[in-house]
Amino acid sequence: MTKVVKREDVYDKFCDGQIIMIGGFLAVGTPEVLVDIMVEKQIKDLTVITNDTGFVGKGTGKLVVNKQLKKAIVSHIGTNQETGKQMNAGELEVELVPQGTLAERIRCAGAGLGGVLTPTGVGTIVEEGKEKFTYDGKTFLLEKPLFADIALIKAAKADTGGNLVYRYSARNFNPLIAMAAKLVIVEAEEIVEEGSLDPDEIITPGIFVNMIIKG
Amino acid sequence: MTKVVKREDVYDKFCDGQIIMIGGFLAVGTPEVLVDIMVEKQIKDLTVITNDTGFVGKGTGKLVVNKQLKKAIVSHIGTNQETGKQMNAGELEVELVPQGTLAERIRCAGAGLGGVLTPTGVGTIVEEGKEKFTYDGKTFLLEKPLFADIALIKAAKADTGGNLVYRYSARNFNPLIAMAAKLVIVEAEEIVEEGSLDPDEIITPGIFVNMIIKG
Amino acid sequence: MVSPKEIIGKRIAKLFKDGDLVNLGIGMPTAVANYLPNDVKITLQSENGFVGLGPTPLEGQEDKDVVNAGGQPVTILPGGACFDSAMSFAIIRGGHLAATVLGALQVDEQGNLANWMIPGKMVPGMGGAMDLVAGARKVIIAMEHAAKDGSPKILKQCTLPLTASREVDFIVTELGFMEVTTEGIVLKELAPGVTAEDIQAKTEAKLIIPQTIAVMG
Amino acid sequence: MVSPKEIIGKRIAKLFKDGDLVNLGIGMPTAVANYLPNDVKITLQSENGFVGLGPTPLEGQEDKDVVNAGGQPVTILPGGACFDSAMSFAIIRGGHLAATVLGALQVDEQGNLANWMIPGKMVPGMGGAMDLVAGARKVIIAMEHAAKDGSPKILKQCTLPLTASREVDFIVTELGFMEVTTEGIVLKELAPGVTAEDIQAKTEAKLIIPQTIAVMG
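Chain order of the listed sequences is A, B, C and D.
Everything in the first sequence is counted per this note's numbering, starting at 1 for the first residue and increasing by one.
Everything in the second sequence is counted per this note's numbering, starting at 1001 for the first residue and increasing by one.
Everything in the third sequence is counted per this note's numbering, starting at 2001 for the first residue and increasing by one.
Everything in the fourth sequence is counted per this note's numbering, starting at 3001 for the first residue and increasing by one.
To be clear, the hints were calculated from the coordinates, so they are not data collected in a lab.
Keep in mind it's a predicted model, so treat the numbers as computed, not measured.
Mixed in with the good hints there might be a few duds.
Claimed, not checked - Here are the computed distance ranges between Cβ atoms for each label pair:
(1) D:T3181 / C:R2166: 20 to 26 Å
(2) B:T1139 / C:K2206: 23 to 29 Å
(3) A:T134 / D:G3095: 14 to 20 Å
(4) D:G3070 / A:K71: 21 to 27 Å
(5) A:K44 / B:T1134: 45 to 51 Å
As the list claims (entries may be wrong) - Under the rule of at most 20 Å between Cα atoms (straight-line distance), these lysine to any residue pairs were calculated in the SDA-like manner:
(6) B:K1138 / C:T2182
(7) D:K3041 / B:E1082
(8) C:K2121 / B:E1082
Said to hold, decoys possible - Some chain A residues flagged as far from chain B (calculated, every beta-carbon gap over 10 Å):
(9) G78
(10) E82
(11) G84
(12) E104
(13) C108
(14) T118
(15) L142
(16) R167
Ideal Cβ positions, reconstructed from N, Cα and C, are used throughout, including at glycine.
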């Protein structure tokens, strides 16, 4: 039983209004082929959860330029001027989340946790609307989980059962989002037979993965 | 600069009353040489944080039999009858923590988080004395971090800079406790030169590790 | 004669569908793996840190670093993956397990489960059980219907400290297959030769008994 | 003539001790790595997912998967290790960084820092800055003393949205080296040829000026 599918099988899974997590940090570790499929299908009103909105022609930035997003939950938009422009024009809602908090909120969803207490953002506008806890002289914000309909992963290597390894800084948010979405689609640079990866080298176990395409 | 030290350097670090985290699950992945050093030094009144109290002659169990513990924070004591005996006699305080909660509490300490909300233990005696949160129809307990003075790690391989890899089910709590203690001591089955491990295969980065001995 | 283990194991095996990720507790639950239909492949998780739990190795082939959650030597199947305890319980708590199969000391008609301590007598600790019961999508209890002294284990209300509250979905014993619903425990199937009266007599909770009850097998 | 970057970089480099794990922000802070004394080896973290950040690769030697937090091609030194974003920020938030060096738009005498947005004008997002400032054991600000239009950046109270509250430990500019204390900002060292009056004139916060002030260098 292989999880490797055809491009059209993936194409069928996208629709308007979905919440989509996308791996990558400034487009390093972003599954560009999967993003291109979304661009091609022209699905709209998406909520995207990802570290940043990439660049105008690269990464999640392609979805911004193509005006497919309703909301972006990200830590950084500074490398894609189009995001700021749409935000200022009221066309795109941007929720800025500290990068470490974004990682933990996604992890909470995947790990069945109701939230974490973090010191990050205390005393800043990030704390607005959030519960605060103080004990032993330290103050924390309660940050809650972020779930998605689909997670789009970029892996260096996948086996046919969905076990994944990543390369260097392309790992970033990919292993986290793989746990937090109902449907997990992987774009792998290389696909190998199930059983050919060492159980100790696997970063994302195949149990999280639903579909794989060659990237 | 190597982090590999002599047995006596490690011996010097232990003293009465310390809080010590020990890796392992039913003694698989427990650094037996490091436990033996504690037994030899006869340090007392220890608080041990570990998955279980191992067996009478194996793992953390050796410290129990030798009456070196004041308190054990663990998920399971069923495989070491001596633990239950000392607990019933009022000689040893045992705090039983669900295994997943134990993992998260240790992770919180290492990750600078003030706690997590978990559904585990809701409606049981585990919730006694803990803050409860309900939202979106789900109830969670606030579980707080567990810190230690020393973490004792068993690794399959260490490089001289402290980068670690583990083998199969011997990984368990080791990578978590490596982040949660002031002093991290590793017992490695094999020691290799720094730079000889692939950056992508390393599970515990050397930045967390202070001392390494050959196990 | 068919053993309780086989009756229970065979029935539970039918609850799984191909591709399910499942955690089987120590003892009776472990036996479930032996009764899977050929066309259903499930993946087993071992909460001490891997998926792809395989059978006991041949004597002399044991690996000191490959044990199950009971500390017994096992194997890791091709395609298996290892991880630390935080990831292991992220899988468990995060709803990634289709089911967990566990034994019980007591279970009641609200779906409460007690399986981790008898105050003053046996306090092994909950290990991973509380996370498993809180996190798995289905909680299946595999146990002999009554205690060794004949006293009922399926109660109106658990008297021992709970493992989790209102989480049990199915109870499978050598006498029958039951589903815990918001109305109470529904008797869905009876083992061959067992009557509804027989099973009720060994059960403290009042079973909901439909007009027709299938035969378990 | 010595550039502000060199003056600042050299002074900050002296704050580190051998073996420190440090995160250097984009721009001016990155330059600090060039001025470390030979007997001090620090390890650099890159918050996009590794420790052991090395120099820019030779042209043609770039690896598409090895970039720093600014997206620029870099290298990973022998002994480096990669991890995911949760681990990266566990390192940052968990107090495992000896120091973070960051630029600032404004910093004030309570140790507040503003460096991530100018409402209505520039909203790039905080990226990892809020975690770095909340988590690192020492927060060191590396910046030119005044804004391009000459207006002060070291204020009585920040007017821009904060990155973190009361977290700044040291401020290093081309004019001097300052420590933020509970009493206010103490002028510890002056750059060669700069007087206490010079630096106070370009600073809105009232500096605490000790009897003797060392020369920065």
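Verification of the hints:
1. For T3181 of chain D paired with R2166 of chain C, a C-beta distance near 55 Å fails the hint of 20 to 26 Å.
2. One distance hint, 23 to 29 Å for the beta-carbon pair T1139 of chain B and K2206 of chain C, holds here, with the actual separation near 28 Å.
3. At about 18 Å, the CB distance of T134 of chain A to G3095 of chain D agrees with the hint of 14 to 20 Å.
4. A hinted range of 21 to 27 Å for the beta carbons of G3070 of chain D and K71 of chain A is consistent with their spacing of about 26 Å.
5. A hinted range of 45 to 51 Å for the beta carbons of K44 of chain A and T1134 of chain B is inconsistent with their spacing of about 35 Å.
6. Taking the CA atoms of K1138 of chain B and T2182 of chain C, the gap is near 17 Å; set against the 20 Å cutoff, the hint holds.
7. Our distance criterion of 20 Å between C-alpha atoms is broken by K3041 of chain D and E1082 of chain B, whose separation comes to about 48 Å.
8. Annotation: proposed proximity of K2121 of chain C to E1082 of chain B holds, straight-line Cα distance about 14 Å (limit 20 Å).
9. No beta-carbon of chain B comes within 10 Å of the beta-carbon of G78 of chain A; the shortest separation is about 25 Å.
10. Look at E82 of chain A: its CB is around 33 Å from the nearest CB on chain B, clear of 10 Å, so calling it non-interface holds up.
11. Here G84 of chain A stays apart from chain B, with its beta-carbon at least about 30 Å from theirs, past the 10 Å limit.
12. For E104 of chain A, the shortest C-beta to C-beta distance to chain B comes to about 7 Å, within the 10 Å cut-off, and the non-interface label is violated.
13. Non-interface status of C108 of chain A relative to chain B is broken: a Cβ of that chain comes within 10 Å, the nearest being about 8 Å off.
14. Some Cβ of chain B comes within 10 Å of the Cβ of T118 of chain A; the nearest lies about 6 Å off, and the non-interface call is violated.
15. A cut-off of 10 Å between C-beta atoms contradicts the statement that L142 of chain A is not in contact with chain B; the least separation is 8 Å.
16. For R167 of chain A, the requirement that its beta carbon stay farther than 10 Å from each beta carbon of chain B is not met, with the minimum near 7 Å.
Of the numbered hints stated above, those contradicted by the structure are hints 1, 5, 7, 12, 13, 14, 15, 16, listed in ascending order.
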